[in-house]
Amino acid sequence: MDGIILVALSLAIGFILQVVWWRVFGANISSVLFLFLSAFAGMIIASFYGGLLSLSLADYVRLALLYLSVVLAYSAVCSAVEVPSPTLSMIIFIAQRAKTGGCREDDLVQGFIAQGSVGSRLKLMESSGLIGISDGRCALTKKGFLVGRLFEFSARFFDLPIGG
Amino acid sequence: LWSWITLGYPIFSCIVNCVGYVILRRGLKRTIGLSIIGGWALGLATVSGLSACSPNSSDLNSAEYLLCQILTYLCFAFCFWVFLNLNLTSLRIRIVRHLFHKNGSATLADLLVSYSDSERFERRISRLAKGGQIEMVDGRWKLRSSVLLNIGRSIELIRVLMGRS
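Those protein sequences? They're chains Y and P, same order as listed.
The first sequence begins at 54 in our numbering and counts up one residue at a time.
The second sequence begins at 149 in our numbering and counts up one residue at a time.
Just to be clear, a hint being listed does not mean it is correct.
Some chain P residues near chain Y, calculated using beta-carbon distances under 7 Å [unchecked claim]: (1) F226; (2) E270; (3) L296; (4) G300; (5) L309.
Partial list, derived from the structure: chain Y residues whose beta carbon lies under 10 Å from chain P [to be verified]: (6) L62; (7) I66; (8) I98; (9) A99; (10) S100; (11) G104; (12) L105; (13) D212.
These aren't lab readings, by the way, just hints derived from the structure by calculation.
Here a beta-carbon is modelled for each residue, glycine too, at the ideal position from N, C-alpha and C.
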């Protein structure tokens, strides 16, 4: 299991790097890929020169593909770490009140509102470059148009209703 | 050459997953959940079958090779599911699509009215109830499934580790 151990070790190092980076520089989803790929590159170079792992080039690519897929899946989870999911927060809120016989709807609404209104979401979208806000108007940026087109197409292609 | 061909199995299986979903959803008019599971299972069967049946020309041992192939597929399949899920649950994507339909621009007042707290709350609570995650018992909401709770707690743990709580 040498190859898998190399991947697991690289993931562990990548995670430690991310913890340090996010604590020092703040949460930034785009740093995740960079940090994890750096960890993997470092491990590959170390194992290659240290003679720890001797594989064909195709197998190194196979391990890299596995590593990339895990990091991409983890990055998707990290977006919920960066900005808390309202749905998951509601679930945790209900679970915390399980001992008192359940959660009253009024309490749940209050907890939901305390999470932040749509205004705070718009500010986050502005800081991530999806929209621009000025003179009481909200407009898609170039990046926003691209994302809008992509999701509009995918919603039609995969027959998905509008959510949110 | 064979070891290079086998590299493509997880990616090919993701395409099978995607095609399977489209056939189930659009061709056979199945629900989104069933189409996702159907496509996922079809892809998993493809990657497992192809990887197990083709000769192992890899330097990795058989178990490691199979694990590698299947894990790669599962992670890519998870990314596909996340992408579909964004269309269904993400407020940001909903707002982007809303603006896209309005030629890219709308007033803030219009957005704040369209996405009021009560509307967003109702949308989420009904989705959770329909999905069997929560239920109303004697006027109080209770959890029916611990799946989302476990996911939520795991993410909370990562948030704490990252100093984000």
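Structure-based check of all given hints:
no.	hint	in the structure
1	F226	5 Å, holds
2	E270	10 Å, violated
3	L296	5 Å, holds
4	G300	4 Å, holds
5	L309	6 Å, holds
6	L62	15 Å, violated
7	I66	15 Å, violated
8	I98	18 Å, violated
9	A99	18 Å, violated
10	S100	13 Å, violated
11	G104	14 Å, violated
12	L105	14 Å, violated
13	D212	5 Å, holds
Hint check: violations occur at hints 2, 6, 7, 8, 9, 10, 11 and 12; the rest are consistent with the structure.
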